[in-house]
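Here the structure of chain A is known, so what remains is to put chain B in place on it, guided by the hints.
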Amino acid sequence: MVHHPEVEVTPFSLPAGSMRLAPVIQVAGLQKRYGALTAVKGIDFTVQRGEIFGLIGPDGAGKTTTFQILAGVMEASAGSVQVLGRPPRQARLGIGYLTQQFSLYLDLSLNENIRYSAGLREVPLDRLMERRDRYLKLMNLDQFGDRLAGQLSGGMKQKLALCCALIAQPEILLLDEPTTGVDPVSRRDFWDVLAALANQGVTIVVATPYLDEAERCNRIALMYNGEIQQMGTLQDLRIGLGLHRLEVRTNDLATTEQVLLDAIPPLPHETPPPLVDVQSFGDRLDILVPDHATGEATVRQVLQQQHLHPSQIDYAEATLENVFVTRLRQQGADPPFIPLPRSLPRTSRSLAQPRGSNDLAIQTRQLYKTFGNFRAVKDVTLEVRYGEIYGLLGANGAGKTTTIKMLCGLLPASGGEISLAGRSQNLRNPDLRRQIGYMSQKFTLYDDLSVVQNLEFYCGVYRVPRAQRREKIDWVLTICGLTGQEDMLTGRLPGGWKQRVAFGASVMHEPEILFLDEPTSGVDPLARRQFWRLIEDFARRGTAILITTHYLEEAEHCNNMGFMVAGEVVAKGTPSAIKAAQPGKLIEMITNMPQVTSDLLKTVLDPWRVSIFGDRLHLVLDHPDSDIPCIQDLLQEYHKPDGTILELHSVRAIPFSLEDAFIGIVQRSEQTT
Amino acid sequence: MKRIIAQAVKELSQFRRDRLTVALAFVLPLLTLLIFGYAIRLEAKNIPIAVQDFSNTPLSRRYTERLFATNQFQAAPLLGGSAQSVLDRGRARAAIVIPPDFADCIQRQEPSAVQVAIDATDVNNARVTKSYIEATTRFFLRISGLQSVPQRLQARIRIWFNPGRQESLYIVPGTCAVVLWIYPSLLAALAMVREKEQGTIVQVYASSLSALELILGKALAFLVVGLSEAVVIITVSVVLFQLRFAGDPTPFLLGTPIYILAAVMFGLMLGTKAANQTAAVQGVALVGFLTTLLLSGFIYPVSNIPFPLSLISNVIPARYYILIIRDAFVRGTGWTGVWFSLTMIVVLGSVLFNVARRSLSRMQVSD
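Chains as they are written, first to last, in the working numbering: chain A, 1 to 673; chain B, 1 to 367.
Please keep in mind that the hints were generated in silico from the structure rather than gathered at the bench. Positions of the beta carbon are idealized from the N, C-alpha and C atoms, including for glycine. Hints should not be assumed to be uniformly reliable.
[To be verified] Simulated coverage check for chain A against chain B, where a stretch passes if three residues somewhere in it have a Cβ under 8 angstroms from a Cβ of chain B:
#, stretch
1, 117-123
2, 148-159
3, 545-554
[What the hints assert, rightly or not] Keeping only pairs whose Cα atoms sit at most 20 angstroms apart, straight-line, the calculated DMTMM-like set for lysine to aspartate or glutamate is:
#, chain 1, residue 1, chain 2, residue 2
4, A, Lys-602, A, Asp-633
5, A, Lys-579, A, Asp-633
6, A, Lys-378, A, Glu-568
7, B, Lys-2, A, Asp-59
8, A, Lys-442, B, Glu-197
9, A, Lys-378, A, Glu-417
10, B, Lys-2, A, Asp-126
11, B, Lys-196, A, Glu-568
12, A, Lys-442, A, Asp-59
13, B, Lys-130, B, Glu-43
14, B, Lys-196, A, Glu-75
15, A, Lys-41, A, Asp-59
16, A, Lys-585, A, Glu-568
17, A, Lys-572, A, Asp-283
18, A, Lys-585, A, Asp-537
19, B, Lys-196, A, Glu-417
20, B, Lys-196, A, Asp-212
21, B, Lys-2, A, Glu-112
22, A, Lys-572, A, Asp-447
23, A, Lys-137, A, Asp-447
24, B, Lys-45, B, Glu-167
25, A, Lys-585, A, Asp-212
26, B, Lys-130, B, Asp-119
27, A, Lys-572, A, Glu-659
Just chain A, with the same shape it has in the complex (with noise of 0.2 angstroms):
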């Protein structure tokens, strides 16, 4: 159970006057040249104290560096930085950084981690015993003080990172991805700590690929190509795009789409066209359009000539990765959409036939597995058929990595029954193992060889014929964008990069059966879309997926997914099924003091009911109509010494999303349990 004890942090000192005017953070003209690459090309952005600031953007874009040049960790080619009214080396004791790679040392303990930040900052024991104790305290780690590092789960060390960076109180936080391969339950834990640190006039600049993440940022930057392509609130986005989107949800979905994107004029637009993009989920579309009524017209028009009809149609504001992926296309950096070239015949099965017993490509009955005596996966009964995406979602450590283990035949189950492919017995068959694809969390592929010796060496242990080989390794080439720099060390591509080599060696043998462990994780937004796009393209032609996957927003693409909570399913069923079996209702409430709202909310609710985002909080109540109005009196109550009342400026329902839905999952059967 997640508990936030209530935060009581002594205010950072604050040099008398100056500062709280000019910004923290002054960028002007920043540019890095590594030999002939130029990775950040003259950007400027100024942060204030206390604020949230977002910078988001692909792979490659130029965040890491911005971050290492603002750490005083790297020297800037040009331009002018300034921290705290200083150069950023002369500002580092004011700077907390968290790199990439989680900065701590693994083979320390908790204690031993935090008293060498505090060592190296010079901070003196009597303080730093007092702030261990507050920041474990408020990151929930304080009975795991002589745990070693290496032994906590991702979400875990990440906060353990953010505690060893906190500890010398510096001004600024620098956080760069922080919550890359951490599930969405430590992640809304991890921002509540930031949104609680920013109130305290901590200043934060983060990176993130969760464009559900960065909403909850102040303003937010989008980098691409080592340029800032627009900054501002979400709303200032939102408005910039001047799109809106609408739902679409239909019984013949690919079809659907098809006739959609065709009515879509080619790039670039003078002006908007009435459609403007389509993309598919798991069991809808979402169309963006420059005006919901005439959207809605010309999409019931276009749908009406070809015999169409959706079942319903709901208007809906634009997302962030909507004005990501929006902005990036209109740079051309929309990587690009090829099928995979087949040799085999494609299977006629297809999720729009009738079910049949033999259209099972996985099955289990009560999967057992455990170790030692701690039971990692209990009772899992799942069922996938071919051409069907099945989402598995859960927190680290909930048992989905073990499940697809077993089903590849990877760990042996210790109770319950497999069938793969119509199979129950002997799985380790080498006849069945090809007709499987696996990408595994890990990385799968061999740092010290090139991409293209690594492609050749999947070919062959997947036994490619070798008359095809030359054909499907250039088509992974050239969905990684890797063409003519095929000869490149592996270990030299960035994370997202190598995630889509390693999706292509996995799958070029055209498996039936595909499992996929967490493949888009660390991959950028739009790539990711391209990773959805091929999969779903896997997914028509007959191929079964089981996918896992941390951003719950890609987990509306899968036609059918289970959650696991410690090692069970706790609840299973389409995206929308999921959504709407969640008792009570999300409400969106703005008030002046955002902070201060939800630390009053808090002493009522369970913690996990309350969030923030940005200006706005979240709250997820069961009975809303009776729990509104004690709500509005507790906060009509409160008043800040100084007089300041708390003003209430809009309470309304918004739809659940499929991270609400999860977090509730998860925070209720861990409650009855």
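Okay, now just chain B, sitting in the frame of chain A:
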């Protein structure tokens, strides 16, 4: 200073945490000491020698007995073959053929020639065998009263420092020097390169720790580790190989920490240059191990090293430490013999320290 201590404390907790490293830090040096201490024997004993005695007289038999009177040689059976065939088959390292007229000639006071064939595949031992046979022959002549003219000039030899000519007194101090160079530098190199490999070095860059503080902090930690290794190694040497201080131990007690510090600096320097742990290990193994083993005078005298290589041996700290440690345990001359060596170690250590500091001086991510 506080930050140096903080750095050192962190290194030591990391070191202590990794049982494998702790085991390596103490087990490997001990193994090296035992293997080198027991296995390296330069002086050959019990060399097999075949004697073909065609004379077969009391005199020739006395000569043969004299040859085998010490444990230097051991009789190899001829098994009916000729002297040459015994050498060819490798059953003997030397063959001695005593002619049929051996006793007659000597009784007639005429010179007699004994044929000696020596297998010189092993160059060193061939030389030893040769001079030993010569010396034995001279000695035989003297005690048999066959030498007509008394020797006018006699060398009266006294063996100093190691009168029993115990080989372990030569090998073991040298082994200590090799061990105390290799292992502290290996551990230090790994500790440095691991920070780079795992990216934690960026955290150090982002704090305001200077290169000087970083290096001194790490050096302090591994000096402590190195000194504990030294205590273990020297104690074992005292117990197993009867090493005793021969004179004033002060130069040794002062020189050992300085030498270990130089070794740690060498490791840190390799660590700053190497890209990953494998490269660091190979660096220590190739550069460190080979030079201390072959160019330091550990086994072969430094004066034997031919010209361009001999220049390299001048910058090998182990060469100077070997002089110090041999002085402490064998020669016992105290300061007079070793002050120059100590100075050289200090100089070389500072050079290594400066190279390491310079390659880290920017304390920034390289482009």
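Results for each hint:
1. With 6 residues having a Cβ less than 8 angstroms from any Cβ of chain B, the stretch 117-123 of chain A passes the three-residue criterion, so the hint holds.
2. A stretch counts as covered by a chain when three or more of its residues have a beta carbon under 8 angstroms from one of that chain; for the stretch 148-159 of chain A and chain B the count is 1, and the coverage is violated.
3. Only residues whose beta carbon comes within less than 8 angstroms of a beta carbon in chain B count, and the stretch 545-554 of chain A has 0; fewer than three means the coverage is violated.
4. Restraint check: the Cα-Cα separation between Lys-602(A) and Asp-633(A) comes to about 15 angstroms, which is no more than 20 angstroms; the hinted pair holds.
5. Between the alpha carbons of Lys-579(A) and Asp-633(A) the distance comes to roughly 30 angstroms, so the proposed pair goes past 20 angstroms and is violated.
6. A C-alpha spacing of about 5 angstroms is found between Lys-378(A) and Glu-568(A), which places the hinted pair at or below 20 angstroms, so the restraint holds.
7. At roughly 40 angstroms between alpha-carbon atoms, Lys-2(B) and Asp-59(A) are farther apart than 20 angstroms, so this suggested pair is violated.
8. Note on Lys-442(A) and Glu-197(B): the hinted pairing holds, with a Cα-Cα distance of about 17 angstroms set against a maximum of 20 angstroms.
9. Straight-line distance between C-alpha atoms of Lys-378(A) and Glu-417(A) comes to about 12 angstroms, which keeps the hinted pair within the 20 angstroms bound.
10. About 15 angstroms separates the Cα atoms of Lys-2(B) and Asp-126(A), which keeps this hinted pair within 20 angstroms; it holds.
11. Between Lys-196(B) and Glu-568(A), the direct Cα distance comes to roughly 40 angstroms. Violation of the 20 angstroms bound is thereby established for this hinted pair.
12. The hinted pair formed by Lys-442(A) and Asp-59(A) meets the criterion: a straight-line CA distance of about 18 angstroms does not exceed 20 angstroms.
13. Taking the CA atoms of Lys-130(B) and Glu-43(B), the gap is near 14 angstroms; set against the 20 angstroms cutoff, the hint holds.
14. Between the alpha carbons of Lys-196(B) and Glu-75(A) the distance comes to roughly 18 angstroms, so the proposed pair stays at or under 20 angstroms and holds.
15. About 16 angstroms separates the Cα atoms of Lys-41(A) and Asp-59(A), which keeps this hinted pair within 20 angstroms; it holds.
16. Restraint check for Lys-585(A) and Glu-568(A): the C-alpha separation of about 25 angstroms exceeds 20 angstroms, so the hint is violated.
17. As the CA atoms of Lys-572(A) and Asp-283(A) are separated by approximately 14 angstroms, the hinted pair is consistent with the 20 angstroms bound.
18. For the hint pairing Lys-585(A) with Asp-537(A), the CA-to-CA distance comes to about 35 angstroms; that exceeds 20 angstroms, so the pair is violated.
19. Between Lys-196(B) and Glu-417(A) the CA atoms are separated by roughly 46 angstroms; this puts the pair beyond 20 angstroms, and the hint is violated.
20. For the hint pairing Lys-196(B) with Asp-212(A), the CA-to-CA distance comes to about 33 angstroms; that exceeds 20 angstroms, so the pair is violated.
21. Between Lys-2(B) and Glu-112(A) the alpha-carbon distance is near 16 angstroms, which keeps this suggested pair within the 20 angstroms criterion.
22. A distance of roughly 38 angstroms separates the Cα atoms of Lys-572(A) and Asp-447(A); the hinted pair therefore is violated under the 20 angstroms criterion.
23. As the CA atoms of Lys-137(A) and Asp-447(A) are separated by approximately 40 angstroms, the hinted pair breaks the 20 angstroms bound.
24. The hinted pair formed by Lys-45(B) and Glu-167(B) meets the criterion: a straight-line CA distance of about 12 angstroms does not exceed 20 angstroms.
25. A hinted pair counts as satisfied when its Cα atoms are at most 20 angstroms apart, and Lys-585(A) with Asp-212(A) qualifies at roughly 19 angstroms.
26. Taking the CA atoms of Lys-130(B) and Asp-119(B), the gap is about 10 angstroms. The hint holds against a cut of 20 angstroms.
27. Between Lys-572(A) and Glu-659(A) the CA atoms are separated by roughly 14 angstroms; this keeps the pair inside 20 angstroms, and the hint holds.
Checked against the numbered hints given earlier, this structure breaks hints 2, 3, 5, 7, 11, 16, 18, 19, 20, 22 and 23; the rest are met.
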